[in-house]
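Taking the hints into account, I'd like the entire structure generated from these sequences.
Residue numbers (the numbering used here), protein chains in the order written: chain A, 1 to 128; chain B, 1 to 93.
Note that these hints are calculated values from the structure, not bench results.
Take the hints with a grain of salt, since some may be wrong.
To be verified - Facing chain B, from chain A, some residues (calculated, C-beta under 7 angstroms):
id, residue
1, K32
2, E81
3, L82
Bear in mind the structure is a predicted one, so any value in this text is a computation, not a measurement.
C-beta atoms are modelled at their ideal positions from N, C-alpha and C, and glycine is treated no differently.
Here is what each chain is made of, one letter per residue.
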Amino acid sequence: MSWASLEDIFLSTSLASYLDKKLLVLLRDGRKLLGILRSFDQFANAVLEGACERVIVGDLYCDIPLGLYVIRGENVVLIGELDLEREELPPHMTRVSAADIRRAQKAERDATDLKGSMRKRMEFLDLD
Amino acid sequence: MLFFSYFKDLVGREVTVELKNDLAIRGTLHSVDQYLNIKLENTRVVDQDKYPHMLSVRNCFIRGSVVRYVQLPPDGVDIDLLHDATRREARGG
Numbered sequence: 001m002s003w004a005s006l007e008d009i010f011l012s013t014s015l016a017s018y019l020d021k022k023l024l025v026l027l028r029d030g031r032k033l034l035g036i037l038r039s040f041d042q043f044a045n046a047v048l049e050g051a052c053e054r055v056i057v058g059d060l061y062c063d064i065p066l067g068l069y070v071i072r073g074e075n076v077v078l079i080g081e082l083d084l085e086r087e088e089l090p091p092h093m094t095r096v097s098a099a100d101i102r103r104a105q106k107a108e109r110d111a112t113d114l115k116g117s118m119r120k121r122m123e124f125l126d127l128d
Numbered sequence: 001m002l003f004f005s006y007f008k009d010l011v012g013r014e015v016t017v018e019l020k021n022d023l024a025i026r027g028t029l030h031s032v033d034q035y036l037n038i039k040l041e042n043t044r045v046v047d048q049d050k051y052p053h054m055l056s057v058r059n060c061f062i063r064g065s066v067v068r069y070v071q072l073p074p075d076g077v078d079i080d081l082l083h084d085a086t087r088r089e090a091r092g093g
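Below, the structure is given as C-alpha cells:
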C-alpha cells in the first residue's frame, strides 16, 4: 500500500514530488542553479541545499558552489528534474575553472556590447 | 477559473509551452493549478542545441507567471464548449 501524495488528493501542481531530488532551477536573469530541493511554498519560493551555479559560455562550463540557497519564487522560471541516467550536458562541452569561465563571460559580454555599439553607429545609414 | 478548468481537461495531452524567455518546451501536460503553473512530463526542448543545460531534464515544473503561450494540438479545443463557458463566465462576473 503506498501513501497518497498531495498530488493525488488535490489536483495541484505541487513541488512535493521534487523534494530531496537534485533539480535544475532556471531563474529570470538567465542563471541556472542546481541543487537538492529541501523546501518550497505556494509562491514557488524554494530552498536548495548544496546549490551551485552552472555557468555556460559556448562550449565551456563551470559549476560554482553556492551552499544553501533560498530562492524567491518570483524569480523562478522553471524547475526541472534531472534524469540521473542521462548526461546532464552534451559530450562536446568542456569543464573549466571558475576564473576561466568568468574570463569567457566577460569576453562574450564585451563582444555583445561591441556589436550593440556598432549597430548604433550604423543606425544613421537607415538601411532597413 | 475558466482556464484552470480548461487546462484540467487537457491533462494527458501533448503541448508546447513557450516561455517569456523564448525557451519552448514540448511535453505531456501532467498537471495544472489555480495559478496556471504547469507540470510537464517527458519533456523535450524545441531548440535543444541552444539550451544544453536542459539535456537531462525530462519532467519540469513551470511557474505560471513566465508562460507566454501554450500551444495545443488542433483537436485539443472544443471551440463551442469554450465559447459557451466563456459566455457563462462573462454573464456571471
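Hints, verified against the model:
1. Below 7 angstroms, beta-carbon pairs count as interface contacts, and A:K32 has one with chain B at about 5 angstroms; its hint therefore holds.
2. Against a cut-off of 7 angstroms between C-beta atoms, the interface hint on A:E81 holds, since the closest Cβ of chain B lies about 4 angstroms away.
3. Annotation: interface hint on A:L82 holds; nearest CB of chain B at approximately 5 angstroms, less than 7 angstroms.
When held up to the earlier numbered hints, the structure conflicts with none and fits them all.
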